[in-house]
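Chains as they are written, first to last, in this note's numbering: chain A, 1 to 423; chain B, 1001 to 1423.
Among the hints, a few may not be true.
[Said to hold, decoys possible] Covered stretches of chain A (in silico footprint by chain B; criterion: 3 or more residues with CB under 8 Å from a CB of chain B, positions within the stretch not fixed): (1) 209–216; (2) 227–233; (3) 272–279; (4) 348–355; (5) 391–397.
[Claimed, not checked] Not close to chain B: a few residues of chain A, all C-beta gaps over 12 Å, as computed: (6) Thr-79; (7) Glu-94; (8) Asp-124; (9) Val-190; (10) Val-199; (11) Asp-247; (12) Gly-260; (13) Glu-316; (14) Leu-334; (15) Glu-340; (16) Ala-363; (17) Asp-373; (18) Ala-387; (19) Asn-388.
For the record, the hints were derived by calculation from the structure and aren't laboratory data. The C-beta atom is built at its ideal place from N, Cα and C for all residues, glycine as well.
There are 2 protein chains.
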Amino acid sequence: MSNGKADGKISRRDLFRVTGAAGAGLALGAGGYSALRGAGDETAALPGLQTVAFRDVHQAGMATAQQEHLHFAALDLVTEEISEVRDLLRAWSEAAERMTRGETAGDDNFSQFLPPDDTGEAFDLSPARLTLTFGFGPSFFEKDGEDRFGLADRRPVALAPLPPLTGDVLDEGRSDGDLCVQASADDPQVAFHAVRNLVRISRGLAVVRWSQLGFGRTASTSKTQATPRNLMGLKDGTNNIKAEDTDLMDQHVWVHEEDGPSWMVGGTYLVARRIRMLIEVWDRVSLGEQETSIGRHKYSGAPIGKDDEFDPVDLEAKDENGEPLIAADAHVRLARRSDEEKILRRGYSFTDGFDAERGQLDAGLFFISFQRDPHKQFVPLQQRLAANDRLNEYIRHTASALFACPPGAHESGYVGETLLEQA
Amino acid sequence: MSNGKADGKISRRDLFRVTGAAGAGLALGAGGYSALRGAGDETAALPGLQTVAFRDVHQAGMATAQQEHLHFAALDLVTEEISEVRDLLRAWSEAAERMTRGETAGDDNFSQFLPPDDTGEAFDLSPARLTLTFGFGPSFFEKDGEDRFGLADRRPVALAPLPPLTGDVLDEGRSDGDLCVQASADDPQVAFHAVRNLVRISRGLAVVRWSQLGFGRTASTSKTQATPRNLMGLKDGTNNIKAEDTDLMDQHVWVHEEDGPSWMVGGTYLVARRIRMLIEVWDRVSLGEQETSIGRHKYSGAPIGKDDEFDPVDLEAKDENGEPLIAADAHVRLARRSDEEKILRRGYSFTDGFDAERGQLDAGLFFISFQRDPHKQFVPLQQRLAANDRLNEYIRHTASALFACPPGAHESGYVGETLLEQA
């Protein structure tokens, strides 16, 4: 049977060049395509606009200007051999590097007698600024009291499981996991493709424990991005650390030598929280109550009594009757971080449809944050919010996970090497 | 409490103009934004690029060049009063017209003492070519033998429930429904916002029965669009009717006077099928088997033995041994439509995560088609495929629905008026 092609290999990027503007249109969404039609094909085909390097000091997908779509997966290992874990993480890094460049996951795609190395659905899409970020959960090191891979003594103190938090109603099946993959891209099909192919590579060694799709990022991680709105209709993440603030990133996000362990230096910790919004309840309360709960004006995003989103929050301000403009239990008051508690947020909105029993929207915020020590940054902040935040009436934390994300892969290495090769 | 704004009303589009390129960047996705940054703000802010008229002879969302994202919802009515159904459909059309223009769903958004008419999460997003398409299911007319609204005799013959199809494994909870809303847009948050606000308007009158998110369209409905790939990695919908083929649209999609009933003239019928792909099985078979199953080359999309996607399918062609190049059970052979069976496809890929039991991807194709008579077009085609298509080994039809989509709303009317006002 002829395969209708030369026998030589073809990369996604090769094809992208060939298809030109039409391929770019697919990748950018039809809006992008319409807008680009007048702009000339060259711009659209410039790969530099669409790729984020996989290999770097830190893993990509943290300081990267946040992409529009998320596909997150947590996996549990079924292998008991550390050598197989090494093989898996190396294979993941190799495939990740290829896919983030816009190439296929593997290079054997044209033999008629074998399954293709790549599943093909991103074949003529742009790289879409894909980033792939890997992490190790607490259970990777120890599960049911068992030191699984002889690495229990290398588990960072900062990776101790999160303590129970007030108000949590956690679904275990959507929480935790031995390993995680965060795929972010500007095209949902590119993010899906990446997770699917990584999961495929892990077959026999790991199984997916849970996954989450996200859209409409709920924070900005770059000064080039406007503040987006979450599904409460509120601007979210106004005071987020921005990647351009390298001093703040260094101080609050990246693990330092003195923090230990050495394999995590240049890495960071990822906290994920699936926060369901009680949409139907929220939608029935007045604008005044919505604004009081958050402590900001809904449309401008300005602190109550101010005009501009970026006006500083003045917790002392009083109205004409001497009452605080920002309520004692307003979210912005309680979420006001001490310097130590600053974190890099990188969450997304999600909707998983309507629940079958009551026909209510299962939707909300898939909160992701990166920090140098979750127990010193995320936990105290969340404890304060969980106890008193007026927003609690409108949200439920339904899942939780914590992962140690090691530093980035060097030129011939892989993510996780600092942990696994020294064992 | 000050609301930090003038008391005058503000539309989403007003705000869009103010925020300029930043707002457009949110709407186009970061890829679009990156590409646009060099192109000047004026292009980005041109609303003409981003809006599709709600009022027209036909409903929008059929002949409209297919957008990148889908949010589909089916609802069951809980009211028994036809007057309330009229009120609901009128309110839906009014909100739909506003939202497709990029405005808020309602205009009372600034009273501190009331819930806002609009939920706000699309407030500073572009209209994103949003279309909203409404339909009536068979159960709207008759349910459990009961003529619910005195309209049973107006049910079109073409809206008879679909017959059982070979191989169907249908989940009733994801099938059927009294009413449907198809929201398509180039921004998933805009599609989500539209469905959420329409559902909110229906509160007390209807409840959501099921919903489906989709991405990465699996057909092209316009000659300006390249053929996309489905999650099998195959180009899908190469021979779809294109909206520019007005003769074909007229012949195969729109209901004519002689078809009856008169309230459906200018309308069409929507078939939705949730087709789960057995991804793990598909991914393990050889490229040869994949290509034999579909009858096309995977990467080029060309018919087996040909070079170009748009080369005609030659079912008589033989290889050097005299065997048919396109197998007897290949999808393209069986899916080859007689003239009467042509349909307008407008489906999307979906993924609803991994199933809990076996860790396998719950993903596939949410097939949507529009046709003049589903029983003469969709049903015979699907019966043929269900009986013999080699692809059946790799797919399961897990849900099914059928809706009558009336003509578009005229200037002061609403979608459904032709049915409901003559009652």
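(request) Tell me, in ascending order, the numbers of any earlier hints that this structure violates. (result) When the structure is compared with the hints, numbers 3, 5, 8, 9, 10, 16 turn out to be violated.
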